[in-house]
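Asker: Protein chains in written order, with the working numbering: chain A, 1 to 274; chain Y, 1 to 130; chain G, 1 to 474.
Simulated from the structure, these hints should not be mistaken for laboratory data. Some hints here could point you the wrong way.
[Claimed, not checked] Here are the simulated DSS-like cross-link-like pairs (lysine-lysine), alpha carbons at most 30 Å apart as the crow flies:
#, chain 1, residue 1, chain 2, residue 2
1, A, 267, Y, 124
2, G, 7, A, 203
3, Y, 21, G, 129
4, Y, 103, G, 129
5, Y, 103, A, 230
6, G, 122, A, 31
7, G, 129, A, 31
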Amino acid sequence: MLNIPLSESTFKDLRDYIYEKSGIYINDSKKYLIENRLSRILQEKKLKSFEDYFRLLQVSSNGNELTRLFDAVTTNETYFFREPQQLNVFADEIVPKVFEQKKGVKTIKIWSAACSSGEEPYTISMMLMEKRLLPKQFEIHASDLSEGVLVSAKRAAYNSYSVRNIPGPYLNKYFSNSNQSYTLNAAVKKTVKFMKANLVDNKNTKPLRGMDIIFCRNVLIYFDARAKQKVVSNLYDNLNPGGYLFIGSSESLHNVTRALRPCIINKVIMYQKV
Amino acid sequence: MKIMIVDDCQTTRKLLGHYLKSRGYSVVFAENGLDAIEKLGTDTVNLVMTDLNMPYMDGMELLKTLRADPQLSDIPILMVTTENDEAEREKAYSNGANGYLVKPVTGDAIAQNIKDIIKQIFAKGGIKNG
Amino acid sequence: MHTSRLKKLLRDINDKDALTRRSAAEALAEGDERAVYPLIKALRDDNFGVQDAAMRSLMEIKGESTAYMVIPLLRENSFLRNTALIILKEMGKIVIPLLYVLLNDRDDDVRKFALDLIHDIKHCTYPEKLVEMLTGDTNANVRAAAAKTIGNLQYRKAVPQLIKALNDEEWVCFSALEALTHVKDESSIDSIVQLLQNPSETIRCAAIEALGKIGSANAIHNLTDHISKTGGFEKNTTIKSLAQLGSVPSLPGVRDTLIDMLKDDDWEDNLIAIKGLVALKDITAIYPMIDKAGSFDLSVPDNEDKLHVLREAIRSFGCNTSIIALLNDGSVKYRGRVITIEITGELKCKEAVPELKKLLKSDYRDVRRSSIKSLGEIDSDEAKECLIEAITDHDSHVRKSAISALGKKGEMAAFKPLMNMLKNEKYNDIIEESISALININSTLFFSRIKELNAHVRKIAARHTSDLNSEITC
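Based on the provided sequences and hints, a complete structural model is requested.
Answerer: Encoded structure:
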């Protein structure tokens, strides 16, 4: 890896730029992380300094450079069936509750609000299929800030790391395996609609109104307090009354909003729009 | 025995934490009622010690929410607050509080109250984990 | 905001439909003073979403007149009071002048809320008033809040009064200690040291923590002295404070306490433990550090940072027998093993080469890869031989890592094996890597022998030539 130093002032410039474009806030302690991750981009593009990279971002007319930047600063590893206790409560308790609440309405609408390369929405789809829900009984919408990961998500081909938590029967039933690459069956792929969305911008999230259940897991940590409030407010607006929000089990809304009420089922917390 | 301390003031959390840790209790902290509920969902706690005045969800709302939750309704709850008001005290007890102490409070007073609450609960039929 | 729009929103905020009321409350964030009263009214709405939107809009409007209208809510019910505190805190400094009068309020709670606000806003134009409350208020909660606030403001002129408050009741003394910790004035150290003899264990522990944060040779000396006079929780607190100061005595029980701190779930305590163990230079601490580092789930944000901290700490021990022994220690978890391998490479531990060689036979690809990479960083003949041998490993990732390392070293002994390997290599990325390596080792010789290679390889090599040429012309 190249050893190009990231100066304090350029770090601040990059940080402000990222915040302006996405609401994502990188605090001071993450400077070395940014240096590390962006060094790879510099190396690929044969750039000699972070200042050159920053200039490139500013003049780049298509969104690709920005997408690449977001990918670099936010991507953490993700995988299928992440936080299985939450998912079990979702499938066993919340889905039936929602159907009961919605008497007469036959389709449940779910949004995976930071879907990355699709592991979460596809997990949800497989679980609902295992619950014998027909595709017409559920709609899964999935969004992410980065177009790059959405392309991966639509391709739905995964490595052994991503699938490591999938129970054997699911893997056999819903994937085909070739040379350590696992591809989802068409039937599952069809159940998820992907789109690009910036959670901070309510114009972006407006098309996703009327959701019964929203998953927004392990993404709020990227925002500062102000942006977090904005994101949660948008998620609230997109939920139907009585709808549920799942966030990451290590995340919290306790200094963000009191509009969503926490409920606990089987040691899993979710938030309801009452 | 694990106790959750719920207070929006960091200094108070620290002080109450010292009182309890030095007496052999293990302690977890929460900044307000919402934080407490988030943590109680996943953490096993034997008693909750909570302030009344807190942002986002105050102590009284926390008390009512816990008493209404089937999985958490049995957790003993001790209010520790600056509100030295008889009406507030009665309201707390009628909503299911097990004890009510007014700040400033000593470590000995807290320890004694906790022992008394546990004794009462055992007399009624045992303590369940949260 | 245009008057007609404002009028519409002021109607909508009273609409029957909660969604309409919420949208109106949100939109009124762009309003002016005329929006304030309706928003304050909306704080009492039945719907949580409307309350929430009203609160956030009031935070946006700001302005002294807004603060003036919100302050009376401090006398209302608990929810409104707490909501007012959130709003006023967000408004910041403009609120401060309006709080002065509340500091003289008859209601103890109101005085305390005002102090808490000043504390949270971290700004005050009348700190002497706070000092007056610290020394003269009749209510202990208020005096404690005054101490806490003075500390947060770091108002040094109040140090004598804070020292005096160490003799107040326990509740206030504790806050005064916290305040002195924030101010970090060394003139308070002697008074705090005296508290090590206080009959209350809580105060003694608070004093120990304060000394650990303020620091000074005097603090270190007294804390070191105190370890042997105490036990249990108090002793652990003393060790923790010394660790924070980076001055850890090699006394019985100290290392074990720090290891226990490292193992628990509180990352702040873990950091102190790491600092202490590094200060102790006890290489037996490396295993628990590796164990901790290996336990992090890197899909959890923040764990990457924590891992970084631990790696730096382990590296600071330098190359040593303990870390080398861990390379093939069966009790080290898989991820911990990979971290150990990587660190020995970063440290260029020659003595680790024999152990790294053994790891090339591991069942785990990541272990083999990182071993090869680390061998690549170590300058030794034995390491070089391993790398050359690994050029023909069955695992393509291992081959690639070995080739890359040899290329970076410019290792001439690898030239012939690389040329031979290229004649049969299938994977393009490995072919690319090999060509880069060969060019780096001896470009003239490589291009003179390029005819020995097949057409596909020559084509890839040609791309490298054009890159080379373009670099030259630039």
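Asker: The structure should be examined with respect to each hint, and the outcome stated for every one.
Answerer: Hints, verified against the model:
Straight-line distance between C-alpha atoms of residue 267 of chain A and residue 124 of chain Y comes to about 26 Å, which keeps the hinted pair within the 30 Å bound. The suggested pairing of residue 7 of chain G with residue 203 of chain A holds, with an alpha-carbon distance near 24 Å, which does not exceed 30 Å. A distance of roughly 35 Å separates the Cα atoms of residue 21 of chain Y and residue 129 of chain G; the hinted pair therefore is violated under the 30 Å criterion. Our distance criterion of 30 Å between C-alpha atoms is met by residue 103 of chain Y and residue 129 of chain G, whose separation comes to about 23 Å.
With a C-alpha separation of about 37 Å, the suggested pairing of residue 103 of chain Y with residue 230 of chain A is violated against the 30 Å cut-off. Between residue 122 of chain G and residue 31 of chain A the CA atoms are separated by roughly 27 Å; this keeps the pair inside 30 Å, and the hint holds. Between residue 129 of chain G and residue 31 of chain A the CA atoms are separated by roughly 41 Å; this puts the pair beyond 30 Å, and the hint is violated.
Figure legend: structure checked against the earlier numbered hints; hints not met, in rising order: 3, 5 and 7.
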